[in-house]
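Trainee: Sequence:
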Amino acid sequence: MSSGASSASGASSSSSVSGSAASSSGSAPAPTSGWLDACAVGERVQVVSFEDLGTLAIFEVDGKYYAVDDKCCHGKGRLSGGDIEDLGSTICEGGKQPDGSRLGGLCIRCPKHHHKFGDRGLYFNLENGRSFVPKLTEHYKTSFAVRAFETLVSRGRVFVRATPVLSPEEARQSSSESALDEAVDVTASAFFLWTLASDPQPVNRDSILMTFTCPRKRMPSPPSDLGDAWHVTFRARIEGHDAPVDRDYTPISSLADYAKGRLQFVVKVYRQGVMTQYLSALRSGASLLVSAPMTTLDLRALFLRGLDKAEAKAKIKKGLHLGVVVGGTGVTPALQLLDAAAKTKGLFASVSVIDSNHTEEDVLCRAELGAKAARAKAHVVHTLTGDVPAGWKGERGRVSKALLDANMPKPSSRSRIVVSGPQSMNDAVAEMLGALGHDSDAVIQLEA
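Following the working numbering, the numbering of the sequence shown begins with 866 at its first residue and continues without gaps.
Just so you know, the hints here were simulated from the structure itself, not pulled from any lab data. Source: prediction; values computed, not measured. Honestly, I wouldn't trust all of these hints.
What the hints assert, rightly or not - In silico DSS-like pairs for lysine-lysine, Cα to Cα no more than 25 Å straight-line:
(1) Lys-1275 / Lys-1183
(2) Lys-1178 / Lys-1210
(3) Lys-1180 / Lys-1208
(4) Lys-1210 / Lys-1174
(5) Lys-1000 / Lys-1183
(6) Lys-1133 / Lys-1082
(7) Lys-1000 / Lys-936
(8) Lys-1210 / Lys-1180
(9) Lys-1183 / Lys-1210
(10) Lys-1180 / Lys-1125
(11) Lys-1178 / Lys-1082
(12) Lys-1125 / Lys-1208
(13) Lys-1242 / Lys-1183
(14) Lys-1082 / Lys-1125
(15) Lys-1208 / Lys-1183
(16) Lys-936 / Lys-1006
(17) Lys-1182 / Lys-1242
(18) Lys-1174 / Lys-1125
(19) Lys-1242 / Lys-1208
(20) Lys-936 / Lys-961
(21) Lys-1258 / Lys-1180
(22) Lys-1182 / Lys-1266
(23) Lys-1266 / Lys-1242
(24) Lys-1182 / Lys-1208
(25) Lys-1242 / Lys-1258
(26) Lys-961 / Lys-929
(27) Lys-1133 / Lys-1174
(28) Lys-1006 / Lys-961
(29) Lys-1258 / Lys-1208
(30) Lys-1178 / Lys-1208
(31) Lys-1210 / Lys-1242
(32) Lys-1275 / Lys-1178
(33) Lys-1275 / Lys-1242
(34) Lys-1133 / Lys-1210
What the hints assert, rightly or not - Have a look at the derived ranges for each label pair, beta carbon to beta carbon:
(35) Ser-966 / His-939: 20 to 30 Å
(36) His-939 / Ser-1265: 23 to 33 Å
(37) Lys-1174 / Gly-1021: 40 to 50 Å
(38) Pro-963 / Arg-1170: 44 to 54 Å
(39) Ser-1265 / Ala-1239: 42 to 52 Å
(40) Arg-1022 / Gln-1129: 58 to 68 Å
We treat Cβ as the ideally placed atom computed from N, Cα and C, and that holds for glycine.
Full structure from sequences and hints, please.
Mentor: Laid out in structure tokens, this is it:
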């Protein structure tokens, strides 16, 4: 958990009320029209569903109550499971208050995909719903916002005003109000033309291997603070789309390969995948815009963020435990993490991996995973959800609570588990890990 952060997910309750539905404290007369009875006081986090306005997350912080949309604007995160952080003294590179200030104020951090938004993540101000990122990345958009609502406490109940603090247009911010648009030219120039060295090679029935090259004089050096797991963004102009299409991909190549101007990717081709259909149709000699490497996550930061040297040393001495659960092409970040674990001798007391696939044919990078796991002294378990061939020595069935309990680190402040796969798998695994006692902050999701 980040320094200065408090977990919003520890004590929560859920309820549903009729009607339509950010901050107030103390006691007041019972509100009149325009206010909705939401919940009783007392819980730090409550999730309340309104007939007209949908589901809100209500947070209690130091005796004050705040109400915002529970569903993050990108549709995959539930803010009730995020961390509350005070960014009141943090000048954010992305986002502005209505008065023009770049101080984030009291915020809730989205628990999903926060590694796409720098090391800190994507935040929403609890009083007005505007979004903030301490470090600007190309993934941040000024349109990111949630609705925030005034609250009022009366006679032991929390009431929510039926209209949001800011209109949707005000909450989203105009493009002229954000540092993002000032950085668009810089972001665009951070893409470089790479050339497809050969036709895409089939790996199995729906995955291909793509090899790209780029003259070293035309590509940038990786950032000095690049994390252990990293990715790049592909950008393409695709027929039928007015704006360029961007997608993130993790290479199976090393940084040494990148420095030589060569990158390889295993890409799963989806029938309805805009980018993957485009990529699969490319042929040798075709060009593609590829960004400079960007951090996916960093192992030391993952375990030691917010600790001073003495605290970090004591934590390492007791032993750190890394678990990785992957599905399909989600194995690619795991390869990078195993490389990093092998290089950081003495950092980890244990490393374990669960690799879930439908059939044995679907197991990607199996030889590479085995070799890297051996160097990292990691325990690897494969499980198949579909047909199991004769002589199969792995597990059978979907990733289950029992499989996680038997092969992943036990809940501890010294344990972290990275889940990398389709979002449905990530959500299911995160829920089971929570049921096993793992704190939400110790489970990191990467969508494959």
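Trainee: Work down the list of hints and note, for each, if the structure agrees.
Mentor: Status of the hints after comparison with the structure:
Restraint check for Lys-1275 and Lys-1183: the C-alpha separation of about 14 Å stays at or below 25 Å, so the hint holds. With a C-alpha separation of about 14 Å, the suggested pair Lys-1178 and Lys-1210 falls inside the 25 Å cut-off, and the hint holds. The hinted pair formed by Lys-1180 and Lys-1208 meets the criterion: a straight-line CA distance of about 19 Å does not exceed 25 Å. Our distance criterion of 25 Å between C-alpha atoms is met by Lys-1210 and Lys-1174, whose separation comes to about 18 Å.
For a cut-off of 25 Å, the pair hint linking Lys-1000 to Lys-1183 is broken: about 32 Å separates their Cα positions. In summary, the hint linking Lys-1133 to Lys-1082 is not supported, as the alpha carbons are separated by about 30 Å, beyond the 25 Å threshold. Distance hint between Lys-1000 and Lys-936 is fulfilled; the C-alpha atoms sit about 23 Å from each other, no more than 25 Å. Between the alpha carbons of Lys-1210 and Lys-1180 the distance comes to roughly 15 Å, so the proposed pair stays at or under 25 Å and holds.
With a C-alpha separation of about 14 Å, the suggested pair Lys-1183 and Lys-1210 falls inside the 25 Å cut-off, and the hint holds. Between Lys-1180 and Lys-1125 the CA atoms are separated by roughly 37 Å; this puts the pair beyond 25 Å, and the hint is violated. The hinted pair formed by Lys-1178 and Lys-1082 fails the criterion: a straight-line CA distance of about 41 Å is larger than 25 Å. Only pairs whose Cα atoms come within 25 Å are accepted, and Lys-1125 paired with Lys-1208 is accepted, the gap being roughly 21 Å.
At most 25 Å may separate the alpha-carbon atoms for a hinted pair to count; Lys-1242 and Lys-1183 meet this at roughly 18 Å. Taking the CA atoms of Lys-1082 and Lys-1125, the gap is near 10 Å; set against the 25 Å cutoff, the hint holds. Distance check on the hinted pair: Lys-1208 and Lys-1183 sit about 19 Å apart at the alpha-carbon level, within 25 Å; holds. As the CA atoms of Lys-936 and Lys-1006 are separated by approximately 17 Å, the hinted pair is consistent with the 25 Å bound.
For the proposed pair Lys-1182 and Lys-1242, the alpha carbon gap of about 18 Å is at most 25 Å, so the pair holds. The straight-line distance between the Cα atoms of Lys-1174 and Lys-1125 is roughly 35 Å, outside the 25 Å bound, and the hint therefore fails. In summary, the hint linking Lys-1242 to Lys-1208 is supported, as the alpha carbons are separated by about 11 Å, within the 25 Å threshold. Proximity of Lys-936 to Lys-961 is assessed by CA-CA distance (about 21 Å); at most 25 Å being required, the pair is judged to hold.
Taking the CA atoms of Lys-1258 and Lys-1180, the gap is about 36 Å. The hint is violated against a cut of 25 Å. Proposed proximity of Lys-1182 and Lys-1266 is contradicted: the alpha carbons are some 29 Å apart, above 25 Å. The straight-line distance between the Cα atoms of Lys-1266 and Lys-1242 is roughly 24 Å, inside the 25 Å bound, and the hint therefore holds. In summary, the hint linking Lys-1182 to Lys-1208 is supported, as the alpha carbons are separated by about 17 Å, within the 25 Å threshold.
Proximity of Lys-1242 to Lys-1258 is assessed by CA-CA distance (about 20 Å); at most 25 Å being required, the pair is judged to hold. The straight-line distance between the Cα atoms of Lys-961 and Lys-929 is roughly 23 Å, inside the 25 Å bound, and the hint therefore holds. The suggested pairing of Lys-1133 with Lys-1174 is violated, with an alpha-carbon distance near 42 Å, which exceeds 25 Å. Our distance criterion of 25 Å between C-alpha atoms is met by Lys-1006 and Lys-961, whose separation comes to about 12 Å.
A threshold of 25 Å between alpha carbons decides the hint, and for Lys-1258 with Lys-1208 the separation of about 29 Å lies outside it, so the pair is violated. The straight-line distance between the Cα atoms of Lys-1178 and Lys-1208 is roughly 18 Å, inside the 25 Å bound, and the hint therefore holds. Among the hinted pairs, Lys-1210 with Lys-1242 is consistent with the structure: their alpha-carbon atoms are about 10 Å apart, no more than 25 Å. For the hint pairing Lys-1275 with Lys-1178, the CA-to-CA distance comes to about 21 Å; that is within 25 Å, so the pair holds.
The hinted pair formed by Lys-1275 and Lys-1242 meets the criterion: a straight-line CA distance of about 18 Å does not exceed 25 Å. Taking the CA atoms of Lys-1133 and Lys-1210, the gap is near 33 Å; set against the 25 Å cutoff, the hint is violated. As the Cβ distance of Ser-966 to His-939 is approximately 24 Å, the hint placing it in 20 to 30 Å holds. Judged by the Cβ atoms, the range 23 to 33 Å given for His-939 and Ser-1265 holds: they are separated by roughly 29 Å.
Taken as a hint, the range 40 to 50 Å holds for the pair Lys-1174 and Gly-1021, whose Cβ atoms sit roughly 47 Å apart. For the pair Pro-963 and Arg-1170, the beta carbons lie near 31 Å from each other, so the given range of 44 to 54 Å is not met. With their beta carbons about 26 Å apart, Ser-1265 and Ala-1239 fall outside the hinted range of 42 to 52 Å. Restraint check, Arg-1022 to Gln-1129: a C-beta distance of roughly 59 Å satisfies the suggested window 58 to 68 Å.
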